[in-house]
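Undergrad: The residues making up each chain are set out below.
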Amino acid sequence: MKNILKLSLVSFASLTLAAGCIQETFPQTSYVTTTQAQVPGAIDRFVDAITATLCGFPNYGGGTDANDFGYPRFYIAWDSMGQDIVQPNLTNGWFNSWYTIRGLGGTTANSQYAWTILYGHIKACNAVLASVGAEPEDNALKPGAGIAYFYRAYFYLDLAQMFANKPCYVDGEAETVPWVDEATTVEQLRENPRLKNKDMFEHIISDLDHAEEYLAFYRRPDKYTPDVACAYGLKARAYLLMGDWAKAKEYAKKAQAGYTLMDEAAYTSWETGFNTPNSSWMLGMTFKSDNPCIQANDADSSWGSWMCMEINPATSGCGYAANYGRPIHIDRHLYETVPESDFRKKCFADFAIDGMGEEEAIAALSAYTNHPDWIYETNVGNNNPNGGTNFKFRTAGGEAGRNNQYIGFVVAVPMMRVEEMYLIEAEAAGRMNEAEGIQLLTAFAKTRDAEYVYGMHNEAYYNKSTSAFINEIWWQRRIEFWGEGLATKDIKRLQKGVIRSYPGTNHYETNRYNKETTPDWMNFCIVQTETNYNTACTNNPEPDYPLKDSEEVTTF
Amino acid sequence: MTAAILLASVSAFAQNISISGTVTDLTGATLEGAAVIVDGTSNGVITGADGRYSINAPSNAVLSVTYIGFVGQKIPVEGRRIINVVMEEDTNLLDETIVVAFGTTTKEAFTGSAAVMKADELQKRATTNVTNALVGQVAGLQMKGASGAPGAGSGSINIRGISSLSASTDPLVIVDGAPYPASLTNIPQSDIESVTVLKDAASAALYGARGAAGVILVTTKRSRSRDAQVNVDMRVGVNSRGVQDYDVITEPGQFYEAYYAALNNYFLSTGSTPANAFASANRNMMNQLGYNVYTFPEGQYLVGSNGKLNPNAILGRSYKFNGETYYLQPDNWTQLAYKNAVRQDYNVSVNGGTDRGHFYASLGYLNEDGIIEYSGYQRLSARIRADYQVKKWVRIGANVGFTQSHQQSNPNMSTDWGSTNLMYYTTYIAPIYPVYVRVMDANGNPVIRTDEFGHEQYDYGVAATNYGMGRGFMQTGNPFGSNRYNKVYNEGRNMTGTFTADFDITSFLKATVQSTINWGQTLSTSYDNPYYGPKVGVNGELYKGSSNNLRFNQLQTLTYYDTFGNHNVNVLLGHEYYKTQGKSMGITAQGGFSPEILEVNAFANVLYSGTSSSASNYNVEGYFISAQYDYDKKYYASASFRRDASSTFDVNHRWGNFWSVGAAWIMNKESFLSGATWIDQLKLKASIGQQGNDSIRSYAYIDTYTLNKASDTTMSPEFRTIGNEKITWETTTNSNIGVEYSFLKGRITGSLDAYFKKTADLLFWISIPESGGTRGYYGNVGDIGNRGIEFTYNFTPVRTNNFEWNIGGNISTNYAWIIALPESKLAGNEGYYESSYWWTPGGVMRDYMTYEYAGFDAETGQALYWYDEDLSPAGGKEGVTDNVTNKPGKNHSGTTNAIGQASRYTHGSLLPKFFGGLNTSFRLGNFDFSATFDYQVGGKISDNVYSKLMTPPTSGSDAGYNYHKDIFKSWTKENPNTDIPRWQYGDQYTMAGDRSLTDASYFNFQSVALGYNVPVARLGIDKVVSRIRVYVVGENLGYISARKGFDPRASFSGTSSTNVYSPVRNISGGIQVTF
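Chains as they are written, first to last, in our numbering: chain A, 92 to 647; chain B, 2 to 1076.
Hint data in this document are derived by calculation from the structure and do not stem from the laboratory.
Errors might be hidden in some of the hints.
[What the hints assert, rightly or not] With a straight-line cut-off of 16 Å between C-alpha atoms, the simulated EDC-like cross-links for lysine to aspartate or glutamate are:
(1) LYS321(B) with GLU303(A)
(2) LYS437(A) with ASP540(A)
(3) LYS379(A) with ASP713(B)
(4) LYS537(A) with GLU571(A)
(5) LYS338(A) with GLU303(A)
(6) LYS257(A) with ASP581(A)
Please build the complete structure, drawing on both the sequences and the hints.
TA: Next comes the structure, spelled out in structure tokens:
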């Protein structure tokens, strides 16, 4: 009897204390499972994901690298590989590898960025297309599909230009990158050869055809979302690379509708210069004040930190360009080829300033900024010249932004401007009929330089096979889009060489490389996280790193 | 039993005398309850609480003194009236109890393999985290990467090799029967009764899903039955730095010369004339280093064309900037960084009881100052453990421990950003850079500049905010400034409450219900100051974080035990449910009112991306049964089975079965050994079983998407990981065979164990091409094995009443290899390359695969690396176009100076050949001494620090890093007979590949203790104090490794690192008083 009592008590105690058995759990944090993601309106949220992290997010890593702030990081890395950008080769050089041409092999972290970031964005596009279907019937789903198609094409176009060693119009057989779409299975990934140029561009055009269709009636909320004009613009870029001049011209023309060229006031504005979309911007992206890249690491892991010079050293002291001695300057030769009458020259400090005394230099710098003393001190203090200082990309938010980088670095970055469409149109037209091309080019150039005269900018950079007209177009693109990520792509497209070593160069010693052909370092290496597991994937050879400064040349 | 029982005195002799004295142990502690009996009679007494006895006995009698756990003594009276007895603990107790899974067992009956450290050994150590005391003491256990930061958790621990590839290999920690994921730093060493490390399946399989990597059982102290005893232990000591520096350049002039030489060699190699190279090298040196700390005449160069410092150069330079006269001089960063610090540790405990209940209560206070300024740890701990016999058949118990801690640390001790990591600076900064900004005072003497607040100004290396020049090394950072004006601290609270009820249902059936709640809270504060550094513009930034962890463990067991003749049976049936809930919140705000108010309410602007809250959940449930059987205490058998479910896996794949069987044979009880009286014990044991491991990331069984902010009202899900619904436990089959021996009355004891472990269905990271938008997912594929031998020994060459000397130690080997790998991972190759290792079925684990140094070019001095012409286009072989670096080279076809053309080769396992510990102790009268050592022989680690210190500047990015003095032995045309390549700017790969691999052998003097037991009885104070012990203990006294400065204990992973808080040496003196 007593044992029964004991047993009952034990059982009771056990039951009250047992209090549970195995339970399924769900994430309660900043990620969700497939099951949790099935919420009302989910598809719109997946479409948002394509553009939500384009910039301002550390897409590559855990937020520890100051060059990891999203897509615009590629602009700096790409442009650094040629001659138009000059980087001081100093500590904290988060973009040094691409300027000094070191450590670019497939086993390096440097080769990882392209794969992790661009294929990451492609995955976001594929997730939408997998969800709505490749050809949605429902009108409500079409814009989302159109955005996904547009961006997938956009990133593959980047990848194709980075990894192919010849432009499509020259060699359709050159290998680009593996194609992954919404239907690719994990098994297919493991044996997925690099597409040839011609096949890759076929896919890109096909995606853009879809984008054109699905975005036809889409009214976008802002310039950070693509619309049909952007699809036209991207097609113009693609056809230009394919050598389909007629289509390039046609689409470049179509894309121009509704946009106007930036005038001098907009281009050289001390307040809104290249930090705020205007009527010439067809597509852009913007940092937001609450982005991790702005709020963490003193906002120094951001585009503004690398491109904007005007940050108050006393109240902020931040910014790689403004305060840490890492400004990105313009190549002296390119600067010197710009006529005084061209307003774009006002975006860069005159090289004559370096011959002046402190007071005179500061006075001269006041032609570019309200804070010439900041510029002077940071340049001189870091053994950087004042000549060539970039004033094209301005801090945002006026004086408050210049005093506080958390405001100042919240800038927008262009991805496609209508100016490029004018120049594509001119180039494509000229390729078919040079006279028409010259006429279109001259019309464009005159909006930059009222005294423009055709034929003053015929520099071959070793490739003499391009015509004077093409060289002239290229020059216009180099100066018009300086810092906007087109420089290296154009060198590859036009198969130009590189000249950094010339009398009076402002490239830093030990980085004055000349290259008579398009440098092999511009053919990116595929990271081993792909090549180790994709048995069909070949790689570009690790470049021959230039070991010493080249002899100076005097003809360009 | 506390009641003193006076045994009846029956006989009386005429020569009876009264004899009295005390009974103490070797340490001088009085023993209450020892029986003192006149031998051959029933005349006896029991010692009182003070250890005293008094007895009448014939003057020629023999006294027999016995006490449980001690060796009995027979003492002839020989007419003495005072006889003090010192009892010796029986170290060879065959029935010594050890703590095992869900209970205790005797050492003899134990069929598994375990190591135990008890309170008396722990007392000789000065650890804040008890796991540090296990290193070298437990065969088969290795710990790496322990930080010396005050209050730091333990390093990573491996028990018997590498039990998993992708899942965690940390052992399961159980405190008083419940899992304890919090840091053991919460439990003061003095509250710990024993630490048991379970290594094989027979001992650990009852932990089912979580025991595969071994189990560490910590048991806190409970009261022994006796009158109240108060124990006070106070120790005060000094912490100092426990590692050495590399032999780096310390003279600023020598550093400039080294930097100049690298540049000069570079310019000469590009064809510059010597005059041009000289000028270019000087110019570029100043441009890249930023700072010139010498004064020399205008128009001259700092380094002359002979490569030597300008003889006119004087250290220190003043110059004008913004109207102020500044002064540049280098500071010794290392010297400024470290100091000696005080460690204080006080503990008071009281224990006592009655026949129905016992209690133990303790209060502890630890204050450990860090060897780096502004780091330290304070801990206040309290514990009460009590039990009470409520009814004859039910006993309840409670054990509650509470710890409040305050850990102050330096900002950014992690590798993030690096710019404020003090260790990084002291390791690498060139000896030319100042810590402070200095100006000239009115008398023309350099002084540290102070601002309007009176704050000393630190040099952050930023031109605009300092003195107009940018520092080459790690601009924007100054860890001294950060440490001084920033504040980083964690306040921790941890409380564990255990409730138990034991029911004696019948004489053979017992039930136990145990419920444990562990609550841990950490409040973190991290503040960046508004005076200097990057947060000036926003007037300071504050992060406040709170993390709360609640862990519940519910355990019910039913034990049946009975004896049938010589058959003894014990069966345990149980159910366990364990659940953890973590909740964390954090908030970041800028614009503070005052550094004195570090709360968000006093800040202006809350940051979205610095604000967070999240929760995590995990639970596991198991049903288990275990049985022990023995026949005549000679043959023992054990078996266990557990069925577990873990929330880490999908609903359909979360249950797993785990089991073990074991047997032991006490050979010395056999008749054929009965003649061998020198054998105290000889036990043969064997066990086999399966254990699981579920320690991988949560939700690996389902696709997940990261939520990012898309607009002010929406979040967007971005693809994150691929899920694999089928993943489940990885299972380790663990077998052990061993011998335990004790000879010559415990003079020689020890054990020999051999084990074989196979981990199957590895929770494996299956890589996919990253073009898929992710790098892989988890699956259960592949098998690995570990096998090894562990030998422990203890030898007592001398044992007399007054002197005893012990030598002990252990030695372990482990061989870890790969049994099978998934085909998808091999992708048609024989193996795959990942994380610097080559993985191939049948190959060893941690087979380092990297470029192979081939000496240097005799003409140019440039480092060369081997290539295999089948893999590298360098050989010009037809069809070889890409350099294949994911397969190891087989042929040494030729050498190249271009790393991009070199092949990777395998270099064998980095794991040590063997490792272990040594200890010795002796006792001389009232003095005792002990010392412990640990060591590792063989194995390799990539010495990354040396590698960095030996690599010449490759671009301006490397400017300002210091160099090892070995660079002066570099190749030059004049110095061709050396093994170090040329010293030339731009040579990125002089230390690549296996050139930095360094022998990881070490010998470490881990601890020392010297104690003296004050003879309280002789001093006549034994009425007041029953025991006084004064002692000195030391930890981390010194180590020897292959290279000065290199610490192979830093990492398991094959590379050494700089960013860990140096291990700390401690020497403390203390006094322990028992009332």
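Undergrad: Does ASP713(B) lie within 16 Å of LYS379(A) when you go C-alpha to C-alpha?
TA: Status holds; Cα separation ~11 Å.
Undergrad: Hint check: LYS338(A) vs GLU303(A), CA-CA at most 16 Å. Holds or violated?
TA: Cα-Cα ~14 Å, so holds.
Undergrad: Check the hint pairing LYS437(A) with ASP540(A) against an upper bound of 16 Å on the C-alpha distance.
TA: Status holds; Cα separation ~12 Å.
Undergrad: Going straight from one Cα to the other, do LYS537(A) and GLU571(A) come out at no more than 16 Å?
TA: holds (13 Å)
Undergrad: Holds or violated: LYS321(B) with GLU303(A), Cα cutoff 16 Å?
TA: violated (63 Å)
Undergrad: Going straight from one Cα to the other, do LYS257(A) and ASP581(A) come out at no more than 16 Å?
TA: holds (12 Å)
In this structure, only the earlier hint numbered 1 is contradicted, and the remaining ones agree with it.
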